[in-house]
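Chains as they are written, first to last, in my numbering: chain C, 570 to 703; chain H, 570 to 703; chain W, 570 to 703; chain X, 570 to 703; chain S, 570 to 703; chain F, 570 to 703.
No lab work stands behind these hints: they were computed from the structure.
For each residue, glycine too, the CB sits at the ideal point set by N, CA and C.
Incorrect hints may appear among the rest.
[Said to hold, decoys possible] Cβ-Cβ distance ranges computed for the label pairs, FRET-style: (1) W/A596 to S/D601: 38 to 48 Å; (2) C/A626 to X/A596: 27 to 37 Å; (3) F/D635 to X/S600: 53 to 63 Å; (4) X/D635 to W/D601: 53 to 63 Å; (5) W/D601 to C/A626: 52 to 62 Å; (6) X/M570 to H/T633: 17 to 27 Å; (7) F/T633 to C/E580: 16 to 26 Å; (8) S/T577 to H/P631: 51 to 61 Å; (9) S/D601 to C/G667: 23 to 33 Å; (10) C/D592 to X/S600: 17 to 27 Å; (11) X/T630 to H/E582: 43 to 53 Å; (12) H/P585 to X/R598: 46 to 56 Å; (13) W/F602 to X/D592: 50 to 60 Å.
[Claimed, not checked] So the derived list for chain S, only partly shown, Cβ under 7 Å to chain C, looks like this: (14) A583; (15) A651; (16) T660; (17) A678.
There are 6 protein chains.
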Amino acid sequence: MATVKLMTDAEAEAIPAVKAVFDDIRATRKSDFINNFWRALAFDPALLKRTWEGLKAVMATPGTIDPMVREMIYVAVSTANACQYCVHSHTAQAKARGMTEAQHAELLAIVALAAQTNHLVTAMQVPVDPEFQV
Amino acid sequence: MATVKLMTDAEAEAIPAVKAVFDDIRATRKSDFINNFWRALAFDPALLKRTWEGLKAVMATPGTIDPMVREMIYVAVSTANACQYCVHSHTAQAKARGMTEAQHAELLAIVALAAQTNHLVTAMQVPVDPEFQV
Amino acid sequence: MATVKLMTDAEAEAIPAVKAVFDDIRATRKSDFINNFWRALAFDPALLKRTWEGLKAVMATPGTIDPMVREMIYVAVSTANACQYCVHSHTAQAKARGMTEAQHAELLAIVALAAQTNHLVTAMQVPVDPEFQV
Amino acid sequence: MATVKLMTDAEAEAIPAVKAVFDDIRATRKSDFINNFWRALAFDPALLKRTWEGLKAVMATPGTIDPMVREMIYVAVSTANACQYCVHSHTAQAKARGMTEAQHAELLAIVALAAQTNHLVTAMQVPVDPEFQV
Amino acid sequence: MATVKLMTDAEAEAIPAVKAVFDDIRATRKSDFINNFWRALAFDPALLKRTWEGLKAVMATPGTIDPMVREMIYVAVSTANACQYCVHSHTAQAKARGMTEAQHAELLAIVALAAQTNHLVTAMQVPVDPEFQV
Amino acid sequence: MATVKLMTDAEAEAIPAVKAVFDDIRATRKSDFINNFWRALAFDPALLKRTWEGLKAVMATPGTIDPMVREMIYVAVSTANACQYCVHSHTAQAKARGMTEAQHAELLAIVALAAQTNHLVTAMQVPVDPEFQV
């Protein structure tokens, strides 16, 4: 179904550059599970490595935004970009990091409200208030 | 510049249905400032009222997500939907609710990362892992 | 401001392939006004001609959808695609074809509602009901 | 497949806030069929109620735009936002309200043409003509 | 699964306007295969014909951009517009025209990078440098 | 106009982490010009550095896709994502790398055609042909 082949663990074992990333994903996440996104990206070890390192730097490094909130923001963007896989995977991760049903519902309400006013604003071409300028 | 006229305070005073909403915006926000979005929507008092009440229910009602985080999620969706006015107004509101420069930078990093992987996933058509299904 | 030069009437006069399209736009619309979109496309006469003929076939030919409604649908798509110029030009055309303020407000309400439920559906990944299948 | 559970009729019966909305949907639409969108939203009765009331106000209330045309506009926005479920459900509703095959084809032609010129305009960054300003 | 019926070869044989387009697709592509896009569009012979002629003019006519590169650009746009079918069909065509795995990976890297910086730019509302103006 | 301050050269001189990136941009591009995107990102030196290194790896490293073609693909994605700044900056870069007017017109034609068929496919929900599956 994908436009590239998904790499199995057996195949990954044979390609050191892929094995190294898979090992790091497993160590970082403290889980044996490698999801399909990484198995797809593995067709190009350099792209796999760059993408994983970028994601690790943003999502798996202590920062100023709570890890669960980071996943909720990820879901928000993925929804607006209509990425089905990303909605599934990051909703699962937000839940794994503690998102309750009430928070999930509130996230959906904010995303839907933003979409609604985004479209109203664009349809009316509202000029930016000087008060909002830096 | 807009496709509808922006309503001035003088004009709003003369239309009870608009005045009522403007008054409620001012009371709810504890500020005299009415931004252009509401002045544009005011060309249709019913649409103005429904939109404001929807927004108030989601953004100005105590809930399970922190008010500053709600604005950050709003910025994320508005960015993905390419709504310039919304990016300006909700970034300003997130800052007003305490978003620091470090949090702003982290928000941008998450939004940009999500966009990057959203596009990778779509270009590779990665199938959803059974593990992510409810 | 554009990424291509906008062609003036004087320049268009000197290029028969452009002049022919500009003449046809004026004759079809019964107006001397050539809007910037066509002046921009004119940098490539073949692209100008193909685009104008495609638009004329869909928008300026009698069909089963009312001309004002066609413009409203155009505004809806242009809003969702965040095309500022297109929102301006097709809102102007819808008004020129009789769209009232009440209809404009109703159009905005439908567009905004659709955006809202589009995002809810995507965020929840709702499966299509068998009842909706052809 | 969804990121939330779809509520069955049996489960809805046991939650008065959900049952009330499902009853109103059935009464308003004069049909026993509750489509999956509402069954998904039902995981949060307040979000379900607000969304249904918003939709009823825009889509199921007499106004200035024909009910079939409203559904066609809904399809247009849903297409541009790449919402598969919404395209299915609102195409079905447009057909149920009388959209013929010829009208469907014409709708698709307008949506596709708008997308085409939206992208041309954005790629050329055409400045808005003063004639289009309100 | 589609919102229109897919036309079989037997049905196409009976409608001269559809048969003529199917014949031309086969002759132009030197292949007997008619993909589902054309079978879907065939429900409206005029839309089918206009769409095919537009596509043939852009994609199957000698020009200044290499045919494989044209397909790669097509994949890029289809990815950003979240069109699953289009990603599948044009990735297949790019491969058929010689796109290697290394080029595919590089294409994905560019698309993902562009999406990333597109979102950063929009979130920061960066003003266009005068140096970039025509 | 931006939601962050644009950093001047004088300010950048005083922040080693920013100065290092600006120096590398100038050295890599063999030009003294630093465009606004980098001046905006400079508000967060770590984000600036990560973004520049990502871009350099994809756009300024020898690979299998011609540098001018890379910029054309960038323009295609930026157009579909409605990023005005990105359309301006990458169109300028494509021209700087040799894109002719004829190639520019052909690029626009492909982008517009893709958008048109993307929307047709989504509106018809065409199922993927088994022939396109990997």
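Results for each hint:
1. The hint said 38 to 48 Å for the Cβ distance between W/A596 and S/D601, and at roughly 44 Å that hint holds.
2. At roughly 54 Å, the beta-carbon separation of C/A626 and X/A596 lies outside the given 27 to 37 Å, and the hint is violated.
3. Checked against the hint of 53 to 63 Å, the C-beta distance between F/D635 and X/S600 comes to roughly 58 Å, which is consistent with it.
4. In this structure, X/D635 and W/D601 break the distance hint of 53 to 63 Å, their C-beta atoms being roughly 34 Å apart.
5. The beta-carbon spacing between W/D601 and C/A626, approximately 58 Å, falls within the hinted interval of 52 to 62 Å.
6. Between X/M570 and H/T633 the CB atoms are about 26 Å apart, so this pair conforms to the stated range of 17 to 27 Å.
7. For F/T633 paired with C/E580, a C-beta distance near 23 Å keeps the hint of 16 to 26 Å intact.
8. Range check, S/T577 to H/P631: Cβ separation about 59 Å, and the 51 to 61 Å hint holds.
9. In this structure the supplied range 23 to 33 Å is violated for S/D601 paired with C/G667, their Cβ-Cβ distance being about 56 Å.
10. Taking 17 to 27 Å as the suggested C-beta distance range, the pair C/D592 and X/S600 does not conform, at roughly 55 Å.
11. Range check, X/T630 to H/E582: Cβ separation about 29 Å, and the 43 to 53 Å hint is violated.
12. Checked against the hint of 46 to 56 Å, the pair H/P585 and X/R598 fails, with Cβ atoms roughly 34 Å apart.
13. At about 54 Å, the CB distance of W/F602 to X/D592 agrees with the hint of 50 to 60 Å.
14. Hint on S/A583 is violated. Least Cβ distance to chain C is approximately 34 Å, over the 7 Å limit.
15. With 7 Å as the threshold, the beta carbon of S/A651 comes within range of chain C, its nearest partner Cβ sitting at about 4 Å, so the hint holds.
16. Annotation: S/T660 was flagged as interfacial toward chain C, and the flag holds, the nearest CB pair being 4 Å apart, inside 7 Å.
17. The beta carbon of S/A678 comes within 6 Å of a beta carbon in chain C, closer than 7 Å, and the hint placing it at the interface holds.
When each numbered hint is compared with the structure, violations occur for hints 2, 4, 9, 10, 11, 12 and 14.
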